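Modelling step: build the complete structure from the supplied sequences, incorporating the hints.
Chains as they are written, first to last, in our numbering: chain A, 4 to 202; chain B, 217 to 376.
Take the hints with a grain of salt, since some may be wrong.
Cβ-to-Cβ under 7 angstroms is the rule here; a few derived chain A residues that face chain B [unchecked claim]: (1) L66; (2) L68; (3) A73; (4) Q74; (5) L151.
Quick caveat, the hints were computed from the structure, so don't treat them as lab data. Note that the coordinates shown come from a computational prediction; the quantities given were computed from them, not determined experimentally. The beta carbon of each residue, even a glycine, is placed where N, CA and C say it ideally should be.
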Amino acid sequence: MQTLNNKSNVMPVVAALQVLADLCGDGQIVVTNQGSARIWPKLRRRPLDFHYNPSTMSGAIPLALGLALAQPQRDVLAISGDGSLLMSLGSLVTVVGSGATNLTVVLLDNGLYEVTGGQETPAARSAVDYAGLARAAGFPSAAEFRDLAVWQARAADVLALPGPRFIRLVVSAAPHEYLTSSTPPLAEQLAGLRLAVSN
Amino acid sequence: MFTGPEIETIFAELGVTHVVWVPDTAIGPWEHSLANSSRLRLVRVCREGEAWPLAAGLHLGGKSPLVVMQTTGLFESGDALRNVLFDLKLPIYSLIGVRNWLVPQSRDTAKTFAEPILGAWGLDCQWIADPTDKPKLAEHYRRCQAAGTPGVALMAEGAP
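Right under this line is the structure:
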């Protein structure tokens with residue numbers, strides 16, 4: 004059986020994230036973690052970006068939800084890996100139950116525990132329908148993309164759908180040079196985020 | 217220990233904006249008062265591990281959250297607590313119900329390990345063991361907030 008990562012129809016993760024970085028509005032809060040926390044700072048640097056590292060695994064979605072509830076006037080983007088989401092699938096239910104509509108959960112699905120060296124998740128050899136899980140949890144908008152050109156063409160429309168939104172991006176593993184890069188210092192990020200949300 | 221209206225009043229007067237919780241049998245009766253409060257918002261999570269980062273997000277967004285759960289949930293959510301209180305260094309306050317603390321003959325491990333584990337983390341704890349301790353909750357919360365440190369109120373519970 005093939006794993007997600009050796010299928011040919013997956014998007015290069017850096018290019019997939021670049022689409023989001025290009026569309027990100029000035030007032031939008033972005034929470035990354037794990038692999039995305041290493042890639043995003045090389046694509047774009049904004050005061051409202053929080054690269055959650057060191058993190059607690061599965062914590063990015065709840066942390067982003069807290070920001071969304073605290074800052075209802077802002078859109079919040081949570082970028083999570085599939086391994087993290089699998090550790091707390093109930094967080095999708097928590098998002099919907101909270102009533103927050105200003106949150107978008109972007110799942111980077113590569114079937115791997117990437118930062119520990121690329122071991123497979125329990126879902127790597129099965130066909131987990133993450134967008135279907137999100138819909139079943141009550142997300143009004145859930146979509147998935149495997150093709151970069153389609154994602155590039157439709158991203159803006161999908162991000163404008165009623166929230167909370169769930170977007171599964173089937174992606175390649177992050178290039179090694181990204182995974183070995185550090186995230187901005189945590190204390191600096193926390194101070195910057197606090198200042199930015201208060202403005 | 218506390219009635220729902222009592223705890224809602226205490227939390228609201230402390231300036232708590234959000235209560236992030238997983239209830240147990242002793243805490244659960246507060247639900248009506250907390251859910252219907254006009255002064256704070258109740259946020260329900262599916263798993264205690266979500267409560268700490270969710271409270272972190274609220275705090276970073278400028279709000280004043282408080283985490284409420286039972287000792288079993290405290291144990292379950294240990295890594296999330298470690299990350300939020302010690303990596304992120306956020307002064308999140310929590311109220312933890314200690315199951316069976318008021319049952320002397322109980323050998324419930326949810327009771328046995330509560331203090332040793334919190335002690336290992338070096339967290340500032342305040343027991344609310346009987347009704348005369350009730351004022352200590354607000355006093356301890358204010359002291360921790362003034363110091364910019366996390367704190368834990370341990371609320372003695374009976375049998376579930």
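Here is how each hint holds up against the structure:
Here the hint on A:L66 is kept, as its CB sits about 4 angstroms from the closest CB of chain B, short of 7 angstroms. For the restraint placing A:L68 at the interface with chain B, the shortest Cβ-Cβ distance is roughly 6 angstroms, inside the 7 angstroms limit, so the hint holds. Interface restraint check for A:A73: the shortest CB-CB distance to chain B comes to about 2 angstroms, inside 7 angstroms, so the restraint holds. At a threshold of 7 angstroms, the smallest CB-CB gap from A:Q74 to chain B is about 5 angstroms, leaving the interface hint in force.
For A:L151, the suggested interface contact is broken, since its CB lies about 30 angstroms from the closest CB of chain B, more than 7 angstroms.
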